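J.: The primary structure of each chain is shown beneath.
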Amino acid sequence: MNIKTLTASIALMTVLAPSYAAESEEIIKYRNSVMEAYAGHMSAASRIVRGKVDFQDQLKLHADSMAGIANITGTLFPEDSDFGETRAKEEVWSKPKEFEQAVQENQQAVSEFNKAVASGDKAALAGSFKKISDSCKSCHEKFRTEEE
Amino acid sequence: MKHLLTALLLSVATPLQASEAQLERGRQVFNAASCAVCHTDKENNGEPLAGGYAMKSDFGTFYTPNITPDPETGIGNWSDEDFIRALQQGISPQGDHYFPSFPYTAYTKMHRDDVLALKAYLFSLKPVKKANREHDLAFYVTMTPSARIWKSTYFKQGEFIDVPGKSAEWNRGAYLVEAMGHCSECHTPRKALGALDEGMAFAGVQKMTGVGTVPNITPDKKTGIGRWSVDDLVYYFETGTTLSGDSSGGKMASIIDNSLSLLPAGDRKAIAVYLLSQQPIENSIKKKKKKREKEEFE
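Going down the list, the sequences are from chains A and B.
The numbers in the numbering used here rise by one with no breaks, and the one at position 57 of the first sequence is 57.
The numbers in the numbering used here rise by one with no breaks, and the one at position 204 of the second sequence is 204.
By construction, these hints were calculated from the structure, which means they are not laboratory data.
All values reported here derive from a predicted model rather than from experimental measurement.
A few of these clues could be false.
Derived DSS-like pairs (lysine-lysine); straight-line CA-CA distance at most 30 Å [what the hints assert, rightly or not]:
1) B:Lys221 / B:Lys269
2) B:Lys286 / B:Lys222
3) A:Lys131 / A:Lys97
4) A:Lys89 / B:Lys287
5) A:Lys89 / B:Lys269
6) A:Lys95 / A:Lys52
7) A:Lys95 / B:Lys286
8) A:Lys142 / B:Lys251
9) B:Lys109 / B:Lys191
10) B:Lys109 / A:Lys52
11) B:Lys191 / A:Lys131
12) B:Lys222 / B:Lys251
13) A:Lys130 / B:Lys287
14) A:Lys52 / B:Lys221
15) A:Lys130 / B:Lys222
16) A:Lys142 / B:Lys287
Working from the sequences, and respecting the hints, build out all of it.
T.: Structure, rendered in structure tokens:
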């Protein structure tokens with residue numbers, strides 16, 4: 001390696017390094033926002049499912065949105081987004097198969113919920129909605145830390 | 001002859017039925033007291049109730065014991081009185097004082113009938129042979145009769161007595177929270193030497209060793225659960241879904257799965273009624289995200 005390439009490499013590394021870290025931080029912020037959007041739909045839908053409010057015609061909106069988000073949650077944890085201000089546990093990346101399965105369980109539950117919304121079957125509605133919260137909880141238990 | 005047969009059948013069936021009622025009550029106590037949360041080492045796929053779960057604390061790591069009815073490594077040889085003394089007085093059958101990592105500070109408030117039903121239920125489960133692991137504690141804890149000293153200062157023995165003037169539901173909630181559920185063990189901050197700070201009951205802990213961030217569950221509108229209704233809390237106990245739509249994780253997810261979601265609906269409501277009747281305390285607990293450096297994994 002001659003001195004020119006070495007200098008060039010060092011220059012390239014100093015340019016890339018901070019942007020690399022910054023990119024990770026941006027991914028984490030984006031991920032948090034998407035998760036919060038999911039939670040917002042979850043909470044709103046729960047108030048309709050539980051009969052607290054009567055916006056039945058809006059339930060489909062929440063179900064659709066949740067399905068859309070459930071389909072992308074798996075993409076929000078790329079390699080190198082495992083450091084920075086995140087509560088995602090190392091296991092997301094060290095146990096990718098189990099993580100993928102947890103994501104799929106959630107997608108499955110959301111898809112059942114969408115079918116129940118379409119059919120209007122009350123029991124299926126409550127049952128499938130419970131499955132969604134179960135899948136959220138079980139994934140958070142394994143893959144999200146409560147510790148600082 | 002037919003009558004004789006019926007009589008015979010009845011005489012056999014009656015004690016069995018009585019014990020079934022006791023087993024069912026024991027199962028409910030078992031769930032309400034969240035025994036499975038700490039006595040099963042879920043993280044390492046441990047067998048149910050065979051212990052070995054590592055409970056980290058500021059004083060070292062406690063390894064929970066085997067509470068299956070295995071006579072050799074579990075509690076299979078314990079008499080009723082042994083079991084009652086352990087739960088209500090924090091004393092082992094050999095006469096040793098338990099560390100308060102075992103929440104006898106709460107269980108002492110349980111009624112004797114409930115303790116006996118719990119024992120009957122535990123003894124109906126599968127025995128598992130698994131030797132207990134010794135705690136790994138700081139020298140100043142192991143080198144002194146620390147458990148005995150701690151107890152003489154901070155431990156108050158005595159069963160829960162209904163508070164007059166409060167509803168049956170409120171008293172049931174109090175019993176579930178204070179005697180069985182031992183919510184304070186995590187949700188109430190501690191003073192020096194691990195004694196609960198009763199003036200801050202349920203106000204949450206910013207950083208609890210081995211558990212993490214524990215939220216304020218007093219009905220303070222700004223920093224606690226003051227905006228939650230009884231129904232919202234009951235729904236959370238069933239599903240783990242919070243008012244904001246987040247889903248619980250960590251230890252609380254396990255408590256939802258192994259305790260709260262399994263209780264009779266009336267018990268969940270009683271807990272909610274009791275918690276929301278507490279003194280609101282303003283104490284902001286924030287889930288901070290740890291700044292993790294890349295090097296940690298390399």
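J.: Taking the hints in turn, state whether each one holds.
T.: Each hint, compared with the structure:
With a C-alpha separation of about 20 Å, the suggested pair Lys221 of chain B and Lys269 of chain B falls inside the 30 Å cut-off, and the hint holds. Straight-line distance between C-alpha atoms of Lys286 of chain B and Lys222 of chain B comes to about 12 Å, which keeps the hinted pair within the 30 Å bound. Of the supplied pair hints, the one linking Lys131 of chain A and Lys97 of chain A holds, its CA atoms being roughly 21 Å apart against a limit of 30 Å. For the hint linking Lys89 of chain A to Lys287 of chain B, the alpha-carbon distance of about 15 Å falls within 30 Å, and the restraint holds.
The suggested pairing of Lys89 of chain A with Lys269 of chain B is violated, with an alpha-carbon distance near 34 Å, which exceeds 30 Å. Distance restraint check for Lys95 of chain A and Lys52 of chain A: the Cα-Cα separation of roughly 39 Å exceeds the 30 Å cut-off, and the hinted pair is therefore not satisfied. The suggested pairing of Lys95 of chain A with Lys286 of chain B holds, with an alpha-carbon distance near 28 Å, which does not exceed 30 Å. For the proposed pair Lys142 of chain A and Lys251 of chain B, the alpha carbon gap of about 10 Å is at most 30 Å, so the pair holds.
The hinted pair formed by Lys109 of chain B and Lys191 of chain B meets the criterion: a straight-line CA distance of about 22 Å does not exceed 30 Å. At most 30 Å may separate the alpha-carbon atoms for a hinted pair to count; Lys109 of chain B and Lys52 of chain A exceed this at roughly 37 Å. Our distance criterion of 30 Å between C-alpha atoms is broken by Lys191 of chain B and Lys131 of chain A, whose separation comes to about 40 Å. Between Lys222 of chain B and Lys251 of chain B the CA atoms are separated by roughly 24 Å; this keeps the pair inside 30 Å, and the hint holds.
Between the alpha carbons of Lys130 of chain A and Lys287 of chain B the distance comes to roughly 25 Å, so the proposed pair stays at or under 30 Å and holds. Using a Cα cut-off of 30 Å, the hinted pair Lys52 of chain A and Lys221 of chain B holds, with the two alpha carbons roughly 20 Å apart. Between the alpha carbons of Lys130 of chain A and Lys222 of chain B the distance comes to roughly 28 Å, so the proposed pair stays at or under 30 Å and holds. With a C-alpha separation of about 17 Å, the suggested pairing of Lys142 of chain A with Lys287 of chain B holds against the 30 Å cut-off.
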